[in-house]
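**Student:** Kindly generate the complete structure, drawing on both the sequences and the hints.
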Amino acid sequence: MDMVNQMYPKLEINLNYLRENVAEMVRRCGERGIEIAGVIKGTTGLVECAKQFEAGGCSIMASSRLEQIEDCMAAGIKMPYMLLRIPMPSETPEVIRLTDISLNSEVSVLKMLDEEAKKQDKVHQVILMADLGDLREGFWDKDEMIDVAVEVEENMRNLELAGVGTNLGCYGSVLATEEKLDELVEIAEKIETKIGRKLKYISGGATSSLMRVIDGDIPERINMLRCGEGILLARDLDVFYGYDMSYMHQDVYRLKAEVVEVKDKPTYPVGELAVDAFGKVPEYTDRGIRKKALLGIGKVDYGSADEIFPIDTGVEILGASSDHTILDIEDLDRELKPGDVLEFIINYASLVYLTNCRNVNIEYV
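Each residue of the sequence shown is one higher than the one before, starting from 2 at the first, in our numbering.
Be aware that one or more of the hints could be misleading.
Unchecked claim - Straight-line C-alpha distance at most 27 Å; calculated DSSO-like pairs for lysine-lysine:
| hint | residue 1 | residue 2 |
| --- | --- | --- |
| 1 | 201 | 52 |
| 2 | 52 | 79 |
| 3 | 191 | 112 |
Since the hints were made in silico from the structure, they are not lab data.
**Tutor:** Laid out in structure tokens, this is it:
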């Protein structure tokens with residue numbers, strides 16, 4: 002069967018901008034002795050994007066998905082690979098085969114990794130994760146964590162205890178404060194006392210921890226951050242926390258979508274209301290008859306209409322269904338017709354959807 006040759010919807014990715022973002026963040030963190038594990042899962046591990054992390058100077062390539070790591074290896078990207086999501090027991094053979102480092106919080110899985118590494122005649126590096134309150138992965142009982150660290154060091158011959166790490170802000174929205182990162186350093190130093198040597202890594206979190214780098218109060222012993230959004234888009238620290246990120250390209254990506262209908266229509270649905278296609282009860286405001294446009298892109302492509310942002314002044318996103326986006330264009334300063342194209346800024350949530358959607362054309366510029 003012939004492939005459909007479809008131009009839109011389209012996501013344009015500026016690879017030069019992305020590479021420059023990587024290099025800038027690597028430089029700024031490097032000045033404080035911090036290396037960057039470049040997180041590629043935000044672009045679904047697209048190889049051309051991953052190459053920019055390599056070219057920009059990241060010391061480690063990181064993803065939660067083993068298939069993305071395998072794609073990068075097949076493309077000839079030769080650098081250490083890190084598995085970000087704590088391993089599923091069923092994937093331990095592939096973890097050892099494909100990655101050099103993994104994050105861990107279960108002693109039973111560590112034992113499986115040790116056994117598998119022995120079978121494959123490898124030594125696999127592990128970073129033990131501490132839950133400092135964000136309530137995702139990690140040891141809650143820090144005494145248990147120290148005991149497991151000693152067990153890895155003394156008894157798991159095919160594992161190298163490379164360090165400790167934490168995650169903040171991804172589930173529990175806990176800030177990566179100086180105090181939280183000091184807690185991590187304290188745990189690391191207790192482990193070092195027990196095992197009689199320094200740990201290679203104290204991994205202080207992800208993009209949210211860049212605030213500590215910018216403010217200059219990150220604990221001195223934090224020497225690795227796992228950074229994705231802060232490189233790919235550099236929007237979160239700007240939009241949510243007010244940091245000046247003007248030294249980063251915030252326009253690496255442009256979403257382009259084609260207009261399929263333009264008509265004057267009511268702004269409040271006509272008829273008895275129930276739920277929409279996703280089982281939700283949206284709220285509508287009656288603003289009379291206004292000019293509307295439909296785009297040939299929808300929630301299946303980008304997730305939520307709240308996560309894309311029109312570049313044109315006078316364009317308002319009213320909502321979306323699976324395959325359509327509904328716009329109010331009454332205040333747009335030009336006429337639109339079917340076949341015209343509108344552009345949108347995106348954020349991390351929509352980037353993940355768009356790069357993972359086979360219906361979206363990826364174009365590198």
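**Student:** All hints are to be evaluated individually against the structure, with a verdict given for each.
**Tutor:** A quick look at each hint next to the structure:
Using a Cα cut-off of 27 Å, the hinted pair residue 201 and residue 52 holds, with the two alpha carbons roughly 25 Å apart. Annotation: proposed proximity of residue 52 to residue 79 holds, straight-line Cα distance about 10 Å (limit 27 Å). Restraint check for residue 191 and residue 112: the C-alpha separation of about 22 Å stays at or below 27 Å, so the hint holds.
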